[in-house]
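Novice: In order, the protein sequence lines correspond to chains A and B.
4 is the number of the first residue of the first sequence in our numbering; add one for each residue after it.
41 is the number of the first residue of the second sequence in our numbering; add one for each residue after it.
Please note that a few of the clues may not be correct.
[Stated by the list, open to error] Restricting the straight-line Cα-Cα distance to at most 16 Å, the calculated cross-link-like pairs of lysine to aspartate or glutamate (EDC-like) are:
| # | chain 1 | residue 1 | chain 2 | residue 2 |
| --- | --- | --- | --- | --- |
| 1 | B | K132 | A | E28 |
| 2 | B | K332 | B | D140 |
| 3 | B | K97 | A | E28 |
Think of the hints as simulated: they come from the structure by calculation, not from any bench.
For clarity, every value in this text was computed on a predicted model and none was experimentally measured.
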Amino acid sequence: MKNEDLQNIINGFGKNLEFTTEESEFLNVIVPKEQLHEVCEQLKTNPDLKFDYLYCLTGMDWGSDLGVIYHLESTELKHLIVVKVKTDDRENPTLDSVCDIWRTAEFHEMEVYDFFGIKFNNHPNLKRLFLTPDWDGWPLRKDYVDEANMIIK
Amino acid sequence: MVEKEIENKMKTEEYFVNMGPQHPAAHGVLRLLLTIDGEIIKNVDPDLGYIHRSIEKMCERDSYQQIVHLTDRMDYLSSHINNEAVCLAVEKGLDIEVSDRVKVIRTIVSELTRLASHQLWWGVIGMDLGALTTYFYAFRDREYINDIFEETCGARLTMNYNIPGGLMFDIHPNFVNRVKEFLVHFKTKLPEYDRLLTGNVIFQKRTKGVGVLTKEDAISYGATGPVGRGSGFACDVRKTHPYSAYDRVEFKEALFTEGDSLARYKVRIMEMWESMSIIDQLIDNIPEGDIKTPTKAVIKLPKGEFYQRVEAARGELGVYINSTGTKNPYRVKFRSSGFSNLSVLNHITKGAKIADLVATMASFDFVIPDIDR
C-alpha cells in the first residue's frame, strides 16, 4: 500500500496525528503520548492495516525530548510504518507500554528503561535488564556523564 | 482418603534455581532464573548483561568505518552478515551503489558464513542432547569454510571484510576453486548429518513436540530466523526485502509449520542446502568490476534516519542509524535476532521439564553477545 493510502486510513481514526516522510524511507507518524496505546491498538487491529510485526523498538534521546521509535510491518499486507512518541519530561518520563499489543515490546521496553530511564505504564516486569539494579543514571541519554568509563574525543 | 494423605506427604514446593551464567548448554554467559516445582518449570526469567559492552553507546563516538568493526563482536558466528548490514545502511545514507562484483561476493561470503554458523549449531545441538560425535563431524566440515575465510578475508571468525562502499580487498585467486571444492565435499557430508542425528530415535523423542511456538506468537514476539520459520512465519529478509545479490538467485525459503524444536532443526538443515544452491548459482559468474566505490576518508551521512534489515544466521538483524550530519552517528540501534528470540523462551517452556528447556535452547541457537550487545 502506498504511503498516501496509509495516511488516509490512519487519518480516519480522527486523532489529528502528524505525518512526515522527510529524512526517512518510511512514513513516520508522530503520536502524542496520551494516544499512543489507542493508536497502536488500531494500527494492529484495523483490517486494512494489520501491523502485526513490531520489528524494531528504539529508545531515543532527541536532546530536549526523550521518546521511542516503533518500526512496524504487516506480515500479510507487506506495508511498513514508523511510529514515534515523545515526552519532554526528563525527570520522570512515562509512556504507555505496548507489550499487550506486540509481546516483543516487553523485552525491548525493559532495554529502553535500562538505558534511557523511560518508565512504561502497565509493563509486567520493568527492571534493569543489562545493568546492575544499583546502577546510577541512564547511559544512552546524551547528558549522561561517566568520567571513569567513557572516552570522550 | 488415602490418596489425600499421600498427596499431603508428597507435597512439593516451588523454588529458585540458577541456570548459568556458566551453564554449558547456554553456550555463553546467559543466566536463567528458573522457578521450578520438582522438575516442572514454572517461570524462566533471563538475567542479561554478563557480556554487555554497550556497543550502541560506543558507536556514538566512533566513525562509520569503525562501527563496522564493532558489529562482528555481536553475533560472532554471523560476523560477515553483521558487517554487511552496517555497510548497507551507510551506503543507503550516502546514496551510493556498489558494483555487481561486490554484491555477488558479499552474497557468497554471507552464505558461507550462514553455512559455518549452522554447522556449528548442528554440532552443539547434538552435544547438548548427549551426542558428542556430531561436534566432531561439524567441526571437520567447518574448517573448510574457515580456511577459505582466512585466505580471502585474513581472519577466521571476525572477518571485517566489508567496508562502507565495498570490500576491503579482492577475493584470493584460490577463492573460487576452494569454494567449489568445499561444495563438492559438503554435498556428500550433509546427508551424513541426517543419517547420524535427524533420524535418531532419542533425538526425535527429545525434540518432537518440545517447545512448541505458534505462528501468531512467533510474529507477536518478533521471533525470526529459523525460530520463526519453524513456526510457519515467512520472515526471511532475503525474500521479503532482498538486498545485495539475493534478488538474482533462486532459492526456497525453508518453512515448517509444526513450531517445535524438530521443525527449527529441519529449517536449518534445509537452509544449508539452499545456501549451497545460492553459492552454486553465483560462484561461476562473479562479474568483473570495482571492489570499492570511493568514499571520502571521513564519512559524513546526511541528516536523517537510515534503516537496513538483513537475514543473519539467527534471524533478522536491523541496523538503525540516526545521523545529524556529523562524522559520528547520533544514535545507532541494533535490532538483534537473539534478543527478540530470547523473549519467547519463557512463554514456550512454561510447564515443561528442565531437560526440555535445554533441548529448546539448543534449537534456538543463542549467541549471548548478540543478545547483550
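Novice: Is the hinted pair K132 (chain B) and E28 (chain A) satisfied, with a Cα-Cα distance of at most 16 Å?
Specialist: 10 Å, holds
Novice: Checking one constraint from the list: CA of K97 (chain B) to CA of E28 (chain A), max 16 Å. Satisfied?
Specialist: 24 Å, violated
Novice: Could you grab the alpha-carbon distance between K332 (chain B) and D140 (chain B) and see if it respects the 16 Å cut-off?
Specialist: 11 Å, holds
Violated hint for the displayed structure: number 3, the only one.
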